[in-house]
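Below are the chains, spelled out letter by letter.
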Amino acid sequence: MAKVPVQFTLNGAEKAEFIDSGTTLLHALRDKIGDTSPKGGCHQGTCGACSVIIDGELRLSCLTLAEACNGATIITTSGLSERGVLHPLQRAFLDAFATQCGFCTPGMIMAAKVLLDHTPNPSREDVVEALSGNICRCTGYEPIIQAVLTAARSNSQNAA
Amino acid sequence: MELRKSYFADQRKDDLHEIGQPRPRSDSPGHVTGKTTYFADRNFPGMLHLKMVRSPHHHARIRSIDTSEAEKHPGVVKVLTAKDVPHNVYTILILIQIGPEDETVLADGKVRWKGEAVVAVLAETERAAQEAAAKVKVDYEVLPAVFDMDEALKPGAPIVNEYHGRNYYLYDSGECRKVRFGDVEAGFAEADHVLEQAYQSSPIEHAPTETTGCIVAPEGNDRFTCYTNTQAMFFTLDNASIILQMPGNKLHFVGGTVGGGFGGKVDVIVEPIAILGAKLTGRPVCFIYSREEEMQISSPRAAETVVIKDGVMNDGRIVARKVTGHTDAGAYSRHSPYGAQKGAGHYPGPYTIPNVWIDTYCVYTNRTPSSAMRGFGVTIGDFALEVQMDKLARLIGMDPLEFRFLNAYRDGDMKAHRQPTEGAALIECMQEASRAANWPVAEQFMAISSYAKGA
Numbered sequence: 001m002a003k004v005p006v007q008f009t010l011n012g013a014e015k016a017e018f019i020d021s022g023t024t025l026l027h028a029l030r031d032k033i034g035d036t037s038p039k040g041g042c043h044q045g046t047c048g049a050c051s052v053i054i055d056g057e058l059r060l061s062c063l064t065l066a067e068a069c070n071g072a073t074i075i076t077t078s079g080l081s082e083r084g085v086l087h088p089l090q091r092a093f094l095d096a097f098a099t100q101c102g103f104c105t106p107g108m109i110m111a112a113k114v115l116l117d118h119t120p121n122p123s124r125e126d127v128v129e130a131l132s133g134n135i136c137r138c139t140g141y142e143p144i145i146q147a148v149l150t151a152a153r154s155n156s157q158n159a160a
Numbered sequence: 001m002e003l004r005k006s007y008f009a010d011q012r013k014d015d016l017h018e019i020g021q022p023r024p025r026s027d028s029p030g031h032v033t034g035k036t037t038y039f040a041d042r043n044f045p046g047m048l049h050l051k052m053v054r055s056p057h058h059h060a061r062i063r064s065i066d067t068s069e070a071e072k073h074p075g076v077v078k079v080l081t082a083k084d085v086p087h088n089v090y091t092i093l094i095l096i097q098i099g100p101e102d103e104t105v106l107a108d109g110k111v112r113w114k115g116e117a118v119v120a121v122l123a124e125t126e127r128a129a130q131e132a133a134a135k136v137k138v139d140y141e142v143l144p145a146v147f148d149m150d151e152a153l154k155p156g157a158p159i160v161n162e163y164h165g166r167n168y169y170l171y172d173s174g175e176c177r178k179v180r181f182g183d184v185e186a187g188f189a190e191a192d193h194v195l196e197q198a199y200q201s202s203p204i205e206h207a208p209t210e211t212t213g214c215i216v217a218p219e220g221n222d223r224f225t226c227y228t229n230t231q232a233m234f235f236t237l238d239n240a241s242i243i244l245q246m247p248g249n250k251l252h253f254v255g256g257t258v259g260g261g262f263g264g265k266v267d268v269i270v271e272p273i274a275i276l277g278a279k280l281t282g283r284p285v286c287f288i289y290s291r292e293e294e295m296q297i298s299s300p301r302a303a304e305t306v307v308i309k310d311g312v313m314n315d316g317r318i319v320a321r322k323v324t325g326h327t328d329a330g331a332y333s334r335h336s337p338y339g340a341q342k343g344a345g346h347y348p349g350p351y352t353i354p355n356v357w358i359d360t361y362c363v364y365t366n367r368t369p370s371s372a373m374r375g376f377g378v379t380i381g382d383f384a385l386e387v388q389m390d391k392l393a394r395l396i397g398m399d400p401l402e403f404r405f406l407n408a409y410r411d412g413d414m415k416a417h418r419q420p421t422e423g424a425a426l427i428e429c430m431q432e433a434s435r436a437a438n439w440p441v442a443e444q445f446m447a448i449s450s451y452a453k454g455a
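So the sequences go chain by chain: A and B.
Going by our numbering, the first sequence opens with residue 1, and the numbers climb by one from there.
Going by our numbering, the second sequence opens with residue 1, and the numbers climb by one from there.
So that you can see chain A by itself, here it is in the shape it has in the complex (with noise of 0.2 Å):
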């Protein structure tokens, strides 16, 4: 099968691959450049363990095709610490004890970014709004929605 030639920057670094048409990004993140952060939990769309972030908004790399990235900046969960420093969701996360099998947590993650950062001072309706498409079968929502509610409060307070 002829390969397409996919590039995009991917938490910061250049990344160019060549694909097969209709690969998905999660397959090509995953597979092909190796940053497994990004959990594939039903391929269609409904589990939200494959999200990330394309270009500011949250997307689901189980249903995006690669070759519709070119040219996109996309930042997964891999790229949130920064020289091992953990970013203030990852932190909130931690110390809530807001992860159990851990599968689901990059894509809550992710998900709780862009909340935060569209809306700096949710609400706790804006946080269960902003993890709706996300399933965490532990079912451990309490300490996942109040990690995201700590870690907007502790950049609220970095920014003061």
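No lab work stands behind these hints, which were simulated from the structure alone.
Incorrect hints may appear among the rest.
What the hints assert, rightly or not - Below, a list of computed lysine-lysine pairs in the PhoX-like style, where the Cα atoms sit at most 25 Å apart:
(1) B:309 - B:279
(2) B:35 - A:15
(3) B:78 - B:250
(4) A:32 - B:137
(5) B:137 - B:110
Unchecked claim - For the chain A half of the interface with chain B, some residues (derived, Cβ under 8 Å), not all of them:
(6) 77
(7) 83
(8) 86
(9) 122
(10) 137
On a predicted model such as this, the values are computed, not experimentally measured, just so you know.
For glycine and all other residues, C-beta sits at the position ideal for the given N, C-alpha and C.
Starting from the structure of chain A, add chain B where the hints point.
Same frame as chain A, now just chain B:
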């Protein structure tokens, strides 16, 4: 909620360093940075993908299987049928001598539930494996199926599983697990009220976010490394060793990182066939359930029916309890004979009752085989028992919590299965629950303890 100093004062140590202190979870840093390695986060050059051809029928005889078109499909490397599996008929609890072997890795002559694995296709890509699987031709003769436990137990019902020869599991105690304690009929005769109620549940799917699967890599020395999300590493290794007739030292299992299990990943389903595929092709093999397979194929919690008949006195004492439980194993045993047995041990709940009669049955139907899930064997039973307790309390006009205090087991009480109660803490839990829920009970119940009887 605090652990009051007054509880178990002479049995406890309060100079503990870890208990009561929050400690960071060792796995959390990996989770929040996306670095935790789940089995599917590994990629091996030349890895093949395994897709299963599954039965579209609930019960059918297989007249013939034609894999010739599938084998010609571009990208297909190997097609496996029952004859390729060294020890095809197995049962996972054979490791603890609970037989008979009653399930096939790949169907041989018959299918007994809709979704049963019939043919495994190994190909260069997932897509090629899927397309080739669709080209496998299986000629079925559809047989009558049974979906309901009552129907399955009727005389003349279609036999679901010939390895059992009857639609229930035959324990060494007979057609069911039995507990006999005191004289239950005398208890009912003595009771002021008798209440009989039936409870039932449907199968429940765990639906872990990470689907069941494994990747197997041949190590080039007749050894195979199996990266898996099983919840039962050594159990799976030992069963794989039996199914593949391969010594355990040829199998190296790597796991422990599970993206949600809840009991749904303790059956030995994906590993043996993936290891066999790796052995016969010399290539790494990935077998991972699609979301549809996870929902439809993986074992759910069993459907159960529970009939509870209780004799209760006007003063609140339960004097007799008779429980008949049925567990729907589906087409194969897996963990269900054990689950039904656990139910027998678990009834009559954490209550001291002088006259008890319990029968629990494990029944076969043409439904998806059920298996472990969070407290299986007791969870549905607890639901039934506690609803029944509320109904009994209402029947005699007693506060439901006080009714439980009155019947709660305490240290030294003999349980129905003749194990003396030790280390009970039900009364203390209920005392705290009473405070936390702001559901006050009479002072006499707040003054008693589990281990100082009469206090």
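Now the hints, each set against the structure:
no.	hint	verdict
1	B:309 - B:279	55 Å, violated
2	B:35 - A:15	20 Å, holds
3	B:78 - B:250	22 Å, holds
4	A:32 - B:137	34 Å, violated
5	B:137 - B:110	15 Å, holds
6	77	4 Å, holds
7	83	13 Å, violated
8	86	7 Å, holds
9	122	19 Å, violated
10	137	5 Å, holds
Taken one by one, the earlier hints fail for this structure at numbers 1, 4, 7 and 9, listed in ascending order.
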